[in-house]
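Student: Listed below, chain by chain, are the residues.
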Amino acid sequence: MSVDKDTVNKIARLSRIAISDAEADKMVGELNGILAWVEQLGEVDVSGVEPMTAVIPNKLRLRDDVVTDGDVRDKVLANAPAKEGSFFGVPKVIE
Amino acid sequence: MTDFSRLGVAAIRDGVAKGDFKAVEVAEALNARVAAAKALNAFIVETPEKAIAAAQAVDADRAAGTPLGKMAGVPIGMKDLFCTEGVQTTAASHILEGFVPTYESTVSANLWKAGAGMLGKLNMDQFAMGSSNETSYFGNVISPWRRNDGGNAALAPGGSSGGSSSAIAARLCPAATGTDTGGSIRQPAAFVGISGIKPTYGRCSRWGVVAFASSLDQAGPMARDVRDCAIMLEAMAGFDPKDSTSLDLPVPAWEAGLNSDLKGKRIGIPKEYRLDGIDADIAKMWDNGIAWLKDAGAEIVDISLPHTQYALPAYYIIAPAEASSNLARYDGVRFGLRDLPEGAGLQDMYAATRAAGFGEEVRRRIMIGTYVLSAGFYDAYYTQAQKVRALIARDFDNAWASCDLILAPTAPSAAFGLGEKTSDPLSMYLNDVFAVPASLAGLPAMSVPGGLSKEGLPLGLQIIGKALDEQAVLNAGLAIEQRSGFTAEAGEWW
Chain A
1 MSVDKDTVNK IARLSRIAIS DAEADKMVGE LNGILAWVEQ LGEVDVSGVE
51 PMTAVIPNKL RLRDDVVTDG DVRDKVLANA PAKEGSFFGV PKVIE
Chain B
96 MTDFSRLGVA AIRDGVAKGD FKAVEVAEAL NARVAAAKAL NAFIVETPEK
146 AIAAAQAVDA DRAAGTPLGK MAGVPIGMKD LFCTEGVQTT AASHILEGFV
196 PTYESTVSAN LWKAGAGMLG KLNMDQFAMG SSNETSYFGN VISPWRRNDG
246 GNAALAPGGS SGGSSSAIAA RLCPAATGTD TGGSIRQPAA FVGISGIKPT
296 YGRCSRWGVV AFASSLDQAG PMARDVRDCA IMLEAMAGFD PKDSTSLDLP
346 VPAWEAGLNS DLKGKRIGIP KEYRLDGIDA DIAKMWDNGI AWLKDAGAEI
396 VDISLPHTQY ALPAYYIIAP AEASSNLARY DGVRFGLRDL PEGAGLQDMY
446 AATRAAGFGE EVRRRIMIGT YVLSAGFYDA YYTQAQKVRA LIARDFDNAW
496 ASCDLILAPT APSAAFGLGE KTSDPLSMYL NDVFAVPASL AGLPAMSVPG
546 GLSKEGLPLG LQIIGKALDE QAVLNAGLAI EQRSGFTAEA GEWW
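Here the protein sequences come in this chain order: A and B. Residue numbers are given in this note's numbering: position 41 of the first sequence equals residue 41, and the series is strictly consecutive. For any residue, its number in this note's numbering is found by taking its place in the second sequence, counting from 1, and adding 95.
Just so you know, these hints were derived from the structure itself, not from any lab. Check before you lean on any hint, since a few could be wrong.
[Said to hold, decoys possible] Okay, the calculated beta carbon distance ranges per label pair:
1. A:K26 with B:N354: 52 to 58 Å
2. A:F87 with B:A148: 31 to 37 Å
3. A:W37 with B:E455: 38 to 44 Å
4. A:K59 with B:D244: 51 to 57 Å
5. A:A36 with B:T478: 16 to 22 Å
6. A:P51 with B:A348: 32 to 38 Å
7. B:R489 with A:R61: 40 to 46 Å
8. A:G85 with B:A583: 29 to 35 Å
9. A:D21 with B:T478: 32 to 38 Å
10. A:K10 with B:K549: 44 to 50 Å
11. A:W37 with B:R361: 33 to 39 Å
12. A:A82 with B:K549: 55 to 61 Å
[Said to hold, decoys possible] Residues from chain B that face chain A, not an exhaustive set, calculated with beta carbons under 8 Å:
13. M96
14. R241
15. P336
16. L342
17. P345
18. S399
19. T403
20. L435
21. L441
22. M444
23. R449
24. M462
25. T465
26. A488
[Claimed, not checked] Under the rule of at most 35 Å between Cα atoms (straight-line distance), these lysine-lysine pairs were calculated in the DSBU-like manner:
27. A:K75 with B:K561
28. A:K75 with B:K133
29. B:K516 with A:K5
30. B:K208 with B:K117
31. A:K83 with B:K337
32. B:K516 with A:K26
33. B:K516 with B:K133
Each residue gets a CB set at the ideal place from its N, CA and C atoms; glycine is no exception.
Here chain B stands alone, though its shape is the one from the complex (with noise of 0.2 Å):
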């Protein structure tokens, strides 16, 4: 009997295509799975029955010879940050504890058009903002992976989008829908050796997608492996015109372009990403991932982008200014908490509900975003940070000039312990340090597995593209990928 939880979406979608099994069978063995595994406390909210519905229905298509979907038969899990109609949509904020959207966002919408069906809501940071999942109101999400050193610890998955990237690596569902705002794709992927691209900005609609700091925020797939990416960001991606942001542009068929020959290309490599006391097993994987690449038969060139160490701070100014302004709308008015203590005026009201909403987080985020947005300070501050961003921006114009495509590490080190990062927020934002850059110049960037730490832990390689060059992203994440041997998975513990 076949072990769907073995099976990737390109495999899930071949096999109920080919008629090797039906929809149903993966749908039961991997609501099965999720259900098995509430210590990883991956998702929020499980919903079966949703899931053997949109099997059945991609069942009967077939059995009617009706022409299948791109993820026809996948059963995926979502991020909560993604509006579902009917289902609870929290953003794993106390805030929107019992809000169930009346309405589907795009993303979604376009993945259950696809025929993909959903397992359920998938934990993450409040807000999308953290690194390591420890900032959502429904706790902590376990990574599946542990430290090589017979300890138990538990270990961060990753953030913002770590619901998705543990069930992903614990095989409760071959693939999910993540978003990236500074890294929240990427990073999570590396930490549990899974691959996730975030496209570039506007390829995915950001309507009815809870939101952070608009600007920045981007969906994309997580996956097993880069095929699976490419299916489903195809059944993502789409101009959507209630996305004042979204691209027009058609979705290229990125599947049908995989290709991991790499002659002709540049791969460009940032020595400013060299940092200072680099993790030794960081800067082996990157030479590892040098070697991959020239195999494939690209050339290695060195580039220089000079504002890198500039685009962390940039980013925790636009970012949180970007935040409090969106955040403004939860006010215990219209939807989610409402806290009105007795003899409360409407003012009172706001801020007693957004006290008792948001985690200490997102508090932080929305009161310095209101600092460096307030009278006198704007300049100074945000209007500073969007000069850097342009200038940010503009390394990576100058860097294609000589390079097609850039290598380097998605995160400066292996999955932390939960609880070591969090009494410093400024530690914990350095984690982000590479993910950043391609963030605020709006480029497609992924993540693939490079390797193990000393640890045993996975370590992720980032490439990051030019605009709406996700094939190319792509084909050499599928480089890598074939020379890497990365078959490593976490143990069954839970």
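Excised from the complex, chain A in its bound form (with noise of 0.2 Å):
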């Protein structure tokens, strides 16, 4: 599989990251290089084997249901780069 600049625009869509057309063509030599490189899994045989989900068996935890934090607003918003009162400030987004 390989990718064309369409398609390296298309990731960087998703990934929300803006990219010049330059750096668009840059990407696709280098994504195309990495992921063939990468294509050499596709020889392992792997009937059978379950994909990995936990390196180390280890069962999720529960914890009891009581409030342990909270009525920490001004440390969450301490590093807001625009905070508006006790709010986050973004661009206006409904017109």
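Hints are included, so try docking the two chains, each in its own frame, into the full complex.
Tutor: Here it is as structure tokens:
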């Protein structure tokens, strides 16, 4: 499988990363180089093998359903690039 | 007068405990060395006041007769991937420049509780993506080592924990934290002639560590000898309910358990690691390592890890896939950089912010990860890679039937020059060929110095152990350390 420039632009859109035309051209070659190299995984016989989900067998724990955190609004907002009052500020999304 | 830069973790801890010197004296001496080593660019932020405050607390505790912690009085460097409350944490990325966490990572909190102090935040590859520390937004870290050809070519300190490796080898700090996703503790340790261990996945909490690939990320110590690694790993490790993959197990007394007598231990030598065209210096060091372990009483056995060659391509699907998901959080809304072009809407703001904030390698990996997870390609790439990963883990399980530990080189070469591999991402990726399999299988693995190359540069030997058997890994590391006679260090040119 190889990617063309349209695909690179689509991946960039999905990734929410703006790229220029020149960057897209460069990325076509780089991604194809890397993808051609990972293609070799296709030659491995994986019949009957389950995909790994946990590297060390470890059951996900459930904790008691109690409040253990919170009341830290100012801390949560401390690093916001544009806060408005007690909210995160974003550009207008509804006309 | 004691040259505190020559003391390791154990020597500082014991000297402070005995009253041979004050913790504050050590902190002052190392603060001065950090300040005088700007040419290495090992630190992004220096925190001399934190080092002094921690040392004063230890000195006060000692005066009051309060029991001292495992790392009492030891100033360390903190990789800039660990969130530190009130101190900028960037993962060496522009997108987090100016981010000041309002909380402390579990691992760093454990270290401060044990009496360690912070000299500063160490430079690294951006989001831990890199093997040479050339992807940092804050500039390359320079290795203190130089080739013996009389040239002054700047060499890579390895990566991603390159600030850690450079600072320890230059004796700016006795030890530092590292993180290892696909070799990021072991390869830099090998490149500068120090030791470093990645414990079993789940030993050290990931809480508060900036995430790269969550199923692989694991913190560990880097230091100038094996004992110091054991001490620091004890202080870092432990169950943390805030990390869902943290192992709920007691922390073994690794330092007290150190024993370099390897009688009864079987050391596996994987034939697949002996690549065609293997570097002659690397092959010779590996043979020396085998002889040293034999001398320590171990039995050497040939083993096969048949899927080794597929580890790296599987890694370069799995790690970018996880990264593309983890790094979705950098949106210019809640923290970090925001780039809002005139008149832009929300979607344009996301795209502009991420283009401006992420470095080239980070953007490349996010896009690869996005592609392999996208509709129509998920099974062909991601599911296939996770199946191959299961086979790689099975290879190790099978090997443990005939051996207790595995010995291999850490990296395929000595340190390379800055800029030598940056034009070709693939050739950079190949540097982690020996380190990645243990990462994919979640196994403890350590690098210890194994000798020098023809150019006079350090080479590392890697020991891989069974899950949870860090003790055996450390013990074999100690046996090598006692026999290798590795005392070389970088000349102080900076």
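Student: Take the hints in turn and mark each one as holding or not.
Tutor: Results for each hint:
For K26 (chain A) and N354 (chain B), the hinted distance range of 52 to 58 Å is satisfied, since their beta carbons lie about 54 Å from each other. Hint check: F87 (chain A) to A148 (chain B), Cβ distance near 36 Å, so the stated range 31 to 37 Å holds. For W37 (chain A) and E455 (chain B), the Cβ-Cβ distance of about 19 Å falls outside the hinted range of 38 to 44 Å, so the restraint is violated. Range check, K59 (chain A) to D244 (chain B): about 55 Å between beta-carbon atoms, so the 51 to 57 Å window is met.
For A36 (chain A) and T478 (chain B), the hinted distance range of 16 to 22 Å is satisfied, since their beta carbons lie about 19 Å from each other. Judged by the Cβ atoms, the range 32 to 38 Å given for P51 (chain A) and A348 (chain B) holds: they are separated by roughly 37 Å. The hinted range of 40 to 46 Å is not satisfied by R489 (chain B) and R61 (chain A), whose Cβ atoms lie roughly 26 Å apart. In this structure, G85 (chain A) and A583 (chain B) break the distance hint of 29 to 35 Å, their C-beta atoms being roughly 60 Å apart.
At about 33 Å, the CB distance of D21 (chain A) to T478 (chain B) agrees with the hint of 32 to 38 Å. Distance hint check: the CB atoms of K10 (chain A) and K549 (chain B) are about 49 Å apart, consistent with the given range 44 to 50 Å. Range check, W37 (chain A) to R361 (chain B): about 35 Å between beta-carbon atoms, so the 33 to 39 Å window is met. In this structure, A82 (chain A) and K549 (chain B) meet the distance hint of 55 to 61 Å, their C-beta atoms being roughly 56 Å apart.
Taking 8 Å as the C-beta contact cut-off toward chain A, the hint placing M96 (chain B) at the interface is violated, the least distance being around 44 Å. Given hint, R241 (chain B) at the interface with chain A, is violated; its Cβ is 32 Å from that chain's nearest Cβ, farther than 8 Å. Annotation: interface hint on P336 (chain B) holds; nearest CB of chain A at approximately 7 Å, less than 8 Å. Here the hint on L342 (chain B) is kept, as its CB sits about 7 Å from the closest CB of chain A, short of 8 Å.
Interface hint at P345 (chain B): violated, since its Cβ lies 16 Å from the closest Cβ of chain A, which is beyond the 8 Å cut-off. At about 15 Å, the closest approach between the beta carbon of S399 (chain B) and any beta carbon in chain A exceeds 8 Å, and the interface hint on this residue is violated. Contact between T403 (chain B) and chain A, as hinted, is not supported at the beta carbon level, the nearest pair being about 12 Å apart and thus beyond 8 Å. For L435 (chain B), the shortest C-beta to C-beta distance to chain A is roughly 6 Å, which falls under 8 Å, so the interface hint holds.
The interface hint given for L441 (chain B) holds, since its Cβ lies 5 Å from the closest Cβ of chain A, which is under the 8 Å cut-off. Below 8 Å, beta-carbon pairs count as interface contacts, and M444 (chain B) has one with chain A at about 6 Å; its hint therefore holds. For R449 (chain B), the interface hint holds, the least distance from its beta-carbon to any beta-carbon of chain A being 5 Å, beneath 8 Å. A hinted interface residue such as M462 (chain B) counts as satisfied when its beta carbon comes closer than 8 Å to some beta carbon of chain A; here the least separation is about 5 Å, so the hint holds.
The interface hint given for T465 (chain B) is met, as the beta carbon of that residue sits about 5 Å from the closest beta carbon of chain A, less than 8 Å. Because the closest C-beta pair between A488 (chain B) and chain A is about 7 Å apart, less than 8 Å, the hint holds. This hinted pair does not check out: K75 (chain A) and K561 (chain B) have alpha carbons roughly 41 Å apart, beyond 35 Å. At roughly 33 Å between alpha-carbon atoms, K75 (chain A) and K133 (chain B) fall within 35 Å of each other, so this suggested pair holds.
At roughly 25 Å between alpha-carbon atoms, K516 (chain B) and K5 (chain A) fall within 35 Å of each other, so this suggested pair holds. Note on K208 (chain B) and K117 (chain B): the hinted pairing holds, with a Cα-Cα distance of about 18 Å set against a maximum of 35 Å. Between K83 (chain A) and K337 (chain B), the direct Cα distance comes to roughly 28 Å. Compliance with the 35 Å bound is thereby established for this hinted pair. A threshold of 35 Å between alpha carbons decides the hint, and for K516 (chain B) with K26 (chain A) the separation of about 17 Å falls inside it, so the pair holds.
Straight-line distance between C-alpha atoms of K516 (chain B) and K133 (chain B) comes to about 24 Å, which keeps the hinted pair within the 35 Å bound.
Comparing the model with each earlier hint shows violations of hints 3, 7, 8, 13, 14, 17, 18, 19, 27; every other hint is respected.
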